[in-house]
Amino acid sequence: MAGQHQTPTAHHEPSFPWQYVIGYVLSLVLTVIPLWLVLDHVLTPTPLTIGILFCAVLQIFVQLFMFMHFTHGDGSGEPAYQTVVLSIGYFFTVVFAGASIWIMSFSSQVQ
Amino acid sequence: MTTLAHNNVEHHHGAGDHVHVDYPERPIEYQTQDGALKILGFWVFLATDLILFACLFATFIVLRTHTDGGPTGKELFDVPIFTAETLILLTSSFTGGLATFEMHRGHRNRVIGWLIVTALLGLAFVGLEVNEFVHMALEGATMQRSAFLSAFFTLVGTHGCHVSLGILWMTGIIIQLFQRGITPITARKVYIVNMYWHFLDVVWVFLFTIVYLMGVM
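In order, the protein sequences belong to chains G and U. Under this note's numbering, residues 1 to 111 are what the first sequence spells out, in order. Under this note's numbering, residues 112 to 328 are what the second sequence spells out, in order.
The reader is advised that the hints may include incorrect statements.
Label-pair ranges, simulated between beta-carbon atoms [unchecked claim]:
#1 P79(G) - F289(U): 49 to 59 Å
#2 I101(G) - Q290(U): 27 to 37 Å
#3 A195(U) - T46(G): 43 to 53 Å
#4 P79(G) - A195(U): 37 to 47 Å
#5 A195(U) - F54(G): 52 to 62 Å
#6 F289(U) - E13(G): 18 to 28 Å
#7 N242(U) - V95(G): 31 to 41 Å
#8 G283(U) - E13(G): 38 to 48 Å
#9 L39(G) - H177(U): 24 to 34 Å
#10 F156(U) - S105(G): 26 to 36 Å
#11 Y90(G) - C272(U): 19 to 29 Å
Listed next, the stretches of chain G that the computed footprint assigns to chain U, with coverage defined by at least 3 CB atoms under 8 Å from CB atoms of chain U [as the list claims (entries may be wrong)]:
#12 31-42
#13 49-55
#14 59-66
#15 76-89
To give an idea of the interface, some chain U residues facing chain G are shown, with a C-beta separation under 10 Å as derived from the structure [what the hints assert, rightly or not]:
#16 P138
#17 E140
#18 Q142
#19 T159
#20 L187
#21 I192
#22 L231
#23 L234
#24 F310
#25 D312
Honestly, the hints are just simulated from the structure, not real lab data. Beta carbons are placed, not taken as given, at the ideal position from N, Cα and C, and that holds for glycine.
Work the whole structure out from these sequences, hints included.
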């Protein structure tokens with residue numbers, strides 16, 4: 001019954017999951033800051049919107065780099081091809097949202 | 112640490128399962144050629160799923176002010192509830208990460224434990240969301256009421272469906288871990304389901320920011 005408790009190749013992970021703990025703390029901080037900014041009305045609407053969106057974008061990086069092994073290759077020495085794929089996905093996301101807002105800003109007819 | 116996989120190309124797991132290992136020197140989830148392909152394939156899926164959410168977000172952002180005299184986000188959204196949902200999902204992303212961590216260290220029971228915690232947190236999240244939707248509907252804020260609410264329920268509901276599917280998927284993998292232990296195949300499944308889970312957390316952060324925070328602003 002090999003592989004029931006110990007895998008054949010338990011490999012180089014540190015003994016304490018520092019990367020995950022730091023990522024978790026960062027994600028909590030990046031949630032509390034925008035919440036506080038909105039509830040305490042410390043900023044006017046435009047800087048407030050930019051501020052909370054900035055925190056959300058930082059959250060993406062925390063999840064990608066601390067949790068999702070975004071830049072890790074498959075161990076063969078080949079590049080991490082997912083960085084290309086997901087970057088294209090993010091590019092389209094920004095374009096879809098941004099272009100929709102832009103083009104709809106010309107019309108107030110849509111109810 | 113270096114044991115079976117370095118010596119034998121084939122090694123045995125549980126009740127006669129044969130796992131063919133192509134690359135014993137790689138992290139366990141990448142040890143089969145099939146596993147490495149499936150992980151890259153899943154990144155491609157995440158990119159396409161991201162575009163699905165991009166379309167729903169774009170629709171919501173355009174329609175968020177079109178309330179047709181009906182209830183607005185400010186009237187409907189409950190700060191403690193959506194904050195709790197956010198904290199629950201962030202924590203579940205962390206515990207899912209711990210499952211991957213323990214998988215790399217080869218502790219089957221800890222992987223199972225963290226996956227169970229993750230799935231239960233996911234269940235708590237879905238429970239809160241269903242409760243929120245029911246309350247909104249009872250107050251007359253149904254999907255049919257306004258363009259804002261159509262876009263809201265479609266966007267948030269699509270995310271909720273993803274989380275619900277993730278819980279079922281994770282349950283299946285927990286059962287397989289009980290039956291087969293950590294093999295290059297089950298390890299790849301744990302790795303991919305956690306990629307999916309972290310991705311849903313990223314999407315939720317934007318729901319939290321754009322739908323809820325900007326809704327109560």
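Hints versus structure:
no.	hint	verdict
1	P79(G) - F289(U): 49 to 59 Å	violated, 36 Å
2	I101(G) - Q290(U): 27 to 37 Å	violated, 50 Å
3	A195(U) - T46(G): 43 to 53 Å	violated, 29 Å
4	P79(G) - A195(U): 37 to 47 Å	holds, 40 Å
5	A195(U) - F54(G): 52 to 62 Å	violated, 24 Å
6	F289(U) - E13(G): 18 to 28 Å	holds, 22 Å
7	N242(U) - V95(G): 31 to 41 Å	holds, 36 Å
8	G283(U) - E13(G): 38 to 48 Å	violated, 25 Å
9	L39(G) - H177(U): 24 to 34 Å	holds, 26 Å
10	F156(U) - S105(G): 26 to 36 Å	holds, 33 Å
11	Y90(G) - C272(U): 19 to 29 Å	holds, 22 Å
12	31-42	holds (count 5)
13	49-55	holds (count 4)
14	59-66	holds (count 5)
15	76-89	holds (count 7)
16	P138	holds, 5 Å
17	E140	holds, 9 Å
18	Q142	holds, 7 Å
19	T159	holds, 7 Å
20	L187	violated, 16 Å
21	I192	violated, 13 Å
22	L231	violated, 17 Å
23	L234	violated, 20 Å
24	F310	holds, 8 Å
25	D312	holds, 6 Å
This entry does not satisfy hints 1, 2, 3, 5, 8, 20, 21, 22 and 23, going by the numbered hints stated previously.
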